[in-house]
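Undergrad: Given the coordinates of chain A, work out where chain U should sit on it, guided by the hints.
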Amino acid sequence: MQMKKSVQNLKVISNVKLNDDHHLLQLHAPNQLESIVPGQFANILADQSQSIFLRRPFSIHAIDYQKNIISILIKEVGEGTRSLAHTPVNSFLNVIFPLGNGFSLPSSKEKVLLVGGGCGVAPLLHLAQVLSKDANDINILLGARSAVDIVELDQYAIYGKVFTTTEDGSHGEKGFVTEHSIFGVKLDSFSRIYCCGPEPMMKAVASKAKANSVSCEVSLENTMACGFGVCLCCVTETIQGHKCVCTDGPVFNINQLKWQI
Amino acid sequence: MADLSTIIHNIKLKNPVLTASGTFGYGVEFDDFFDINLLGGFIVKGTTIHPRQGNAYPRMAETSSGMLNAVGLQNAGAQYFATEIYPKLTKYETNVLVNVSGSTVEEYVACAEIINELDHMAGIELNISCPNVKEGGMAFGTSCPSAAAVVSAVRKVYKKTMVVKLSPNVTDIAEIAKAAEGAGADSLSLINTLLGMAINAETRKPVLSTITGGLSGPAVKPIALRMVWQVSQAVKIPIIGLGGIMNATDAIEFFLAGASAIQVGTANFIDPLATVKIIDGIDNYLNRHKISAISDLVGCLHL
Numbered sequence: 005m006q007m008k009k010s011v012q013n014l015k016v017i018s019n020v021k022l023n024d025d026h027h028l029l030q031l032h033a034p035n036q037l038e039s040i041v042p043g044q045f046a047n048i049l050a051d052q053s054q055s056i057f058l059r060r061p062f063s064i065h066a067i068d069y070q071k072n073i074i075s076i077l078i079k080e081v082g083e084g085t086r087s088l089a090h091t092p093v094n095s096f097l098n099v100i101f102p103l104g105n106g107f108s109l110p111s112s113k114e115k116v117l118l119v120g121g122g123c124g125v126a127p128l129l130h131l132a133q134v135l136s137k138d139a140n141d142i143n144i145l146l147g148a149r150s151a152v153d154i155v156e157l158d159q160y161a162i163y164g165k166v167f168t169t170t171e172d173g174s175h176g177e178k179g180f181v182t183e184h185s186i187f188g189v190k191l192d193s194f195s196r197i198y199c200c201g202p203e204p205m206m207k208a209v210a211s212k213a214k215a216n217s218v219s220c221e222v223s224l225e226n227t228m229a230c231g232f233g234v235c236l237c238c239v240t241e242t243i244q245g246h247k248c249v250c251t252d253g254p255v256f257n258i259n260q261l262k263w264q265i
Numbered sequence: 603m604a605d606l607s608t609i610i611h612n613i614k615l616k617n618p619v620l621t622a623s624g625t626f627g628y629g630v631e632f633d634d635f636f637d638i639n640l641l642g643g644f645i646v647k648g649t650t651i652h653p654r655q656g657n658a659y660p661r662m663a664e665t666s667s668g669m670l671n672a673v674g675l676q677n678a679g680a681q682y683f684a685t686e687i688y689p690k691l692t693k694y695e696t697n698v699l700v701n702v703s704g705s706t707v708e709e710y711v712a713c714a715e716i717i718n719e720l721d722h723m724a725g726i727e728l729n730i731s732c733p734n735v736k737e738g739g740m741a742f743g744t745s746c747p748s749a750a751a752v753v754s755a756v757r758k759v760y761k762k763t764m765v766v767k768l769s770p771n772v773t774d775i776a777e778i779a780k781a782a783e784g785a786g787a788d789s790l791s792l793i794n795t796l797l798g799m800a801i802n803a804e805t806r807k808p809v810l811s812t813i814t815g816g817l818s819g820p821a822v823k824p825i826a827l828r829m830v831w832q833v834s835q836a837v838k839i840p841i842i843g844l845g846g847i848m849n850a851t852d853a854i855e856f857f858l859a860g861a862s863a864i865q866v867g868t869a870n871f872i873d874p875l876a877t878v879k880i881i882d883g884i885d886n887y888l889n890r891h892k893i894s895a896i897s898d899l900v901g902c903l904h905l
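So the protein sequences, as listed, match chains A and U.
Every position in the first sequence, counted from 1, becomes a number in the numbering used here once 4 is added.
Every position in the second sequence, counted from 1, becomes a number in the numbering used here once 602 is added.
Treat the hints as calculated values from the structure; they're not laboratory data.
Do not rely on the hints blindly, as some may be mistaken.
Here are the simulated EDC-like cross-link-like pairs (lysine to aspartate or glutamate), alpha carbons at most 20 Å apart as the crow flies [as the list claims (entries may be wrong)]: (1) A/K8 with U/D873; (2) A/K247 with U/E686; (3) A/K8 with U/E686; (4) U/K807 with A/E203; (5) A/K8 with U/D633.
Pairwise CB distance ranges (calculated) [claimed, not checked]: (6) U/T851 with A/N13: 16 to 24 Å; (7) A/Q52 with U/S754: 54 to 62 Å; (8) U/H891 with A/G82: 35 to 43 Å; (9) A/K71 with U/I813: 44 to 52 Å.
Since the structure is predicted, the reported quantities are computational estimates derived from the model, not experimental observations.
We put the beta carbon where it would ideally sit given N, CA and C, even for glycine.
One chain only, chain A, in its complex shape (with noise of 0.2 Å):
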């Protein structure tokens, strides 16, 4: 059964520094997880100071449905994410989950293109756990600054074949995650891509897909105050008007936004 969204009170059980600005959570969950569609985000309550008021959500990195855990990477860009990534092990987060609508998963094997850049490859490693059930002929391209930045590979490598690049050719092929030489050839040869990322980049890799006439979703982070529904702030253009990212997404197939692309 999918899992209603509630508040609780999850158990920080590990926190390992990934590089100079990742961290990896895990936390558990009091009672048993049911089924959260990869995509979905969890909103953190952070320790409130002068300047950290509203909740920061991240996506839902992997998921141990056995132990009743789930990670969350976390990348420091302020001061709330700063807190949240220092979260000693053994203390308590407020946690709002699972919220969002999550990607769509194929009924039947498929050959799928997974692209994530920088910290946006948080939910693609849960979306390659739920696919790989499913024997999917998974593909895996993430994208960097440089090697360092490159977090979890061989976590990513367990579900799929996993291709990378760097902008400074520290790792993989040097350049922009959508100058990899997978764009190159038969992108079409993809039943479907996945990408999450900073907006440019999902632009470039939505424009790629459109032109071979392949499925793209992709997973938006616009600012929001909520998280659930009610504060509108976190909309985006659609063809149906605005839609908000923290209910009709954050994942959108690329046919419904107005991106100029």
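TA: Structure of chain U alone, referenced to chain A:
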């Protein structure tokens, strides 16, 4: 257990906790979190006669102890509300009020006429204080003649309880309050958001697409308390206080300042369970102070 019930004109509330328009959707968004019938009532999203797309993204900026929003009354219009949303609200046993807004007096009237036909709606909250629309909205709430004009026009067509929501972006809120009372308001709710602005120093750009927006959260509470106090000295109709209420202590402060009920707004974004915690906290406070009824606390500030 203390008596938490309170009365706003013809509306009996089992407790004095309502939710602020624009922070509680249509209520249904909270069904997963708790039984919203526990509330004294809730006030649904600002509704206008014509559908509105609202303002462009970005619409939100986090600020010191608060946030700015520039949503701009995004809603699908009064007719859509009546046919598509209202049927989903009739399942709730608690009081539901509709926040009504417009660009002209005629639009307010037309919207109120549609809501007047909906039996299950306990009342309207006339929004003459939205700071995020180009025309109308706050403009009606910042002068006594225009406030009186829109309130008296809607009074002629709306038969049930009419709460008028006041803007804090005025020199003398008590004067506006008296004008609304004189024009037929049954109750006043205050405050709506304060006009504010956020700037990104790195990009040298405003954070909001609209440049300015409405400030809410704990940052505005002292101003809201002051205004509830001033208005309570100026009018006889009941006041619903709001502005930065995050917990039961904040709520108690509003009752002491003269509010008969309160609304929880921005706190809903951070803790969807804030309202039920506040109801419990008010009960605890009354028991601790051996006060048998919330009505014994309203306006009882020791001076």
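Undergrad: Next, verify each hint and record whether it holds.
TA: Against the structure, the hints come out as follows:
Using a Cα cut-off of 20 Å, the hinted pair A/K8 and U/D873 holds, with the two alpha carbons roughly 16 Å apart. Using a Cα cut-off of 20 Å, the hinted pair A/K247 and U/E686 holds, with the two alpha carbons roughly 18 Å apart. Of the supplied pair hints, the one linking A/K8 and U/E686 is violated, its CA atoms being roughly 23 Å apart against a limit of 20 Å. Only pairs whose Cα atoms come within 20 Å are accepted, and U/K807 paired with A/E203 is accepted, the gap being roughly 19 Å.
At most 20 Å may separate the alpha-carbon atoms for a hinted pair to count; A/K8 and U/D633 meet this at roughly 10 Å. About 22 Å separates the C-beta atoms of U/T851 and A/N13, a value consistent with the hinted range of 16 to 24 Å. Between A/Q52 and U/S754 the Cβ separation comes to about 44 Å, which falls outside the hinted range of 54 to 62 Å. Taking 35 to 43 Å as the suggested C-beta distance range, the pair U/H891 and A/G82 conforms, at roughly 42 Å.
Taking 44 to 52 Å as the suggested C-beta distance range, the pair A/K71 and U/I813 conforms, at roughly 49 Å.
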